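Participant: Once you've looked at the hints, dock chain B against the given chain A.
There are 2 protein chains.
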Amino acid sequence: MRETAILEIGQIPVADHWDKSLLEIAGEPVLQIFEKTGLNNVDGVFFGNMLSGAVNNQLHLGSYLGDWLGARHTEGIHVETACSSGASSFRQALMAVASGDIDTAIAVGAEKMTDAPAEEITAELASAADSEYERDMGVSFTAMNAMLMRRYMSEYGWRRENFANFSINAHANAVHNPCARFRSAITKETYLRAEMVNDPVSVMDAPPVVDGAAAVLIVPLDHVRGQLGVVRILGSGAATDNFALHSRKDPLWLSAVERSAKQAYRQAGLTPEDIDLFEAHDAFTIISALSLEACGFAERGKGPQLAEEGQISLIGRIPISTRGGLKARGHPVGATGLYQIVEAVQQLQGVCGKGQVPNAKIAMTQNIGGLGTNVITNIFSL
Amino acid sequence: MRETAILEIGQIPVADHWDKSLLEIAGEPVLQIFEKTGLNNVDGVFFGNMLSGAVNNQLHLGSYLGDWLGARHTEGIHVETACSSGASSFRQALMAVASGDIDTAIAVGAEKMTDAPAEEITAELASAADSEYERDMGVSFTAMNAMLMRRYMSEYGWRRENFANFSINAHANAVHNPCARFRSAITKETYLRAEMVNDPVSVMDAPPVVDGAAAVLIVPLDHVRGQLGVVRILGSGAATDNFALHSRKDPLWLSAVERSAKQAYRQAGLTPEDIDLFEAHDAFTIISALSLEACGFAERGKGPQLAEEGQISLIGRIPISTRGGLKARGHPVGATGLYQIVEAVQQLQGVCGKGQVPNAKIAMTQNIGGLGTNVITNIFSL
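Those protein sequence lines, which keep their order, are chains A and B.
Each residue of the first sequence is one higher than the one before, counting from 1 in our numbering.
Each residue of the second sequence is one higher than the one before, counting from 1001 in our numbering.
For reference, chain A alone in the conformation it holds in the complex (with noise of 0.2 Å):
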């Protein structure tokens, strides 16, 4: 593989952008991305995005995006892996650079789920798993979290209030990211207070409805060696569960996770002590618990210890949700896997301020399709 390196990043705040169409939050990244570098075209767009078929009646959004973009000619291609959308957009660039074909790929990862209501936003998202033995039956994805966590709670002992910490540790960081969502503390009342969905998940324990854009620009590194600011792909794995649940014959293990997570260190050539900071997906507390264990932070049993601990905090073991994460940064699906990705790229070049984790060499980003069934793992440093 050529070895590949990301140029430039561009976002939008996470936000309600009901006076903006997909295409003009889609494009402010790369227009950014454009100003920055003197671009005006690239060989390759990668668009990353889950409901626009349903809620925009949009698809064939490569080509769209490009059209709009002026980027006269570009290939351009939608991939869709449910909330893995954003991360499968930036592998698939990745590839085509790291294959030769292609020497600028623009990733990008679109979402706007606040032009429809709620309730068909929860049945579109549903559209993830499976639809005839999940989703027909009225399972809801926080409705199947909640079973997870139940679950997770009574095999290992664990009580809801154990999980706080994830919640308020993605708070805290969001304070400092001005891209986020909820830019307010939380404390462990509110946590406890929080009304829930689907107990034991309550609001708390689950990501906002949001609309959002990110991008990177990603180019072969022999272009760029030497050039200030630009982050390596040092490795990158991808890995799929059974889909369905009820198929798992251990719910409580997520093997996509641990798989994908174990093929990024290998090509990275690095091992779980060697991650300074982890974009986890926290879409749920029992999410990023579950992570943390697959992906060889904690023990089997013991990732709510972690944030117990604080070590999940920006001066802890293993850093989480440093930019605010799902929880409080926010989640516009197909955008999240680019978000993490900006998120990265920041705390290695040491521009987040106050939230700034010292001393980043090495990020690590996860982003998960449907239950722990799509999961893509990138590993970067400067």
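To be clear, the hints were calculated from the coordinates, so they are not data collected in a lab.
Note that the structure is a prediction, hence the values are computed from the model and not measured.
It is possible that part of the hints are untrue.
To be verified - To give a feel for the contact side, a few chain A residues facing chain B, derived at Cβ under 8 Å:
1) Q32
2) N56
3) N57
4) S63
5) V79
6) A96
7) S99
Every residue, glycine too, gets a C-beta built ideally from N, C-alpha and C.
Facilitator: For chain B alone, coordinates are given in the frame of chain A:
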């Protein structure tokens, strides 16, 4: 780029598969490949599909199919570029293998169009066009092709009957393809008397709404060099044009077709003169004419002349639609790009019987999303 090859192919007949789910039709061609190769897993499944979110309430198709296949932990990607989703999934699989990251990639295209009423399909297909300026104005894809055909006829002095041979040739070839939807020859009279959809586009200028699925297995050429029947991927190109028809300075020149073909020629080190057969995207007869011109097989404004002179037949200068094309084999949108590649492989392997192009050494395929908007061209040889 690491050199790549197609090791094996699979397909099901294009038909109305009311008795099968999307998973069943998508899985069958892959199981054919598994059976022929002895494989039971692959590194990646790249699934091209356009309409499943709307028609089947199911997204996240790469993981979904990977699980159904028992392809434990495989990477799973869903690629959507409207009617070129099949070739786009092929190209993403190709890049992943060419990069050296993975060694076995299934590219599969599948579409169930008969699970929804025809008027719903017409509306959903329009989400490949600009939702605000075309779809929402009630302009269907057939209507846009009608405008294009009328303008072309007016500009270059062709009459409707001059397009007849595109349709007659496709049907004549489909007779010899057991997987084709319409295995019946038609006459010029059939063409001339055909019911109009949007004048001058009749049902004999347009493809049927159908179900279908096809797949190929891509591997590094070095792993299979010398094996019987292995087909080399010599060149691949992808390009886009202005998204909305009204934005194009010159609507009668498909510039993304030209660009994508030129990329493929350059990569393969070939010219149009070297191509022995061309699986064109003959969704509409006007698109056949325009594609032949933009690919360099006919001068501008002269596309129909190739049809009139019989140059597109199996024994002509540039055979097209050799297994029936989109018109008579059928156009299950997300699957079409893979059917074209499967057919090119069959021609190169010389297994097409009465439908064989004599002495076929170099084959080209071209899949188009939107009205010439997103174009992927590939060139193959034994």
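Participant: Now, for every hint given, state plainly whether the structure supports it.
Facilitator: Verification of the supplied hints:
1. Q32: 21 Å, violated
2. N56: N56/A check passes; min Cβ-Cβ to chain B is 6 Å, inside 8 Å.
3. N57: Given a least distance of 5 Å, the restraint on N57/A holds.
4. S63: 4 Å, holds
5. V79: Interface hint status for V79/A: holds (6 Å vs cutoff 8 Å).
6. A96: 5 Å, holds
7. S99: 4 Å, holds
When held up to the earlier numbered hints, the structure conflicts with hint 1 and nothing else.
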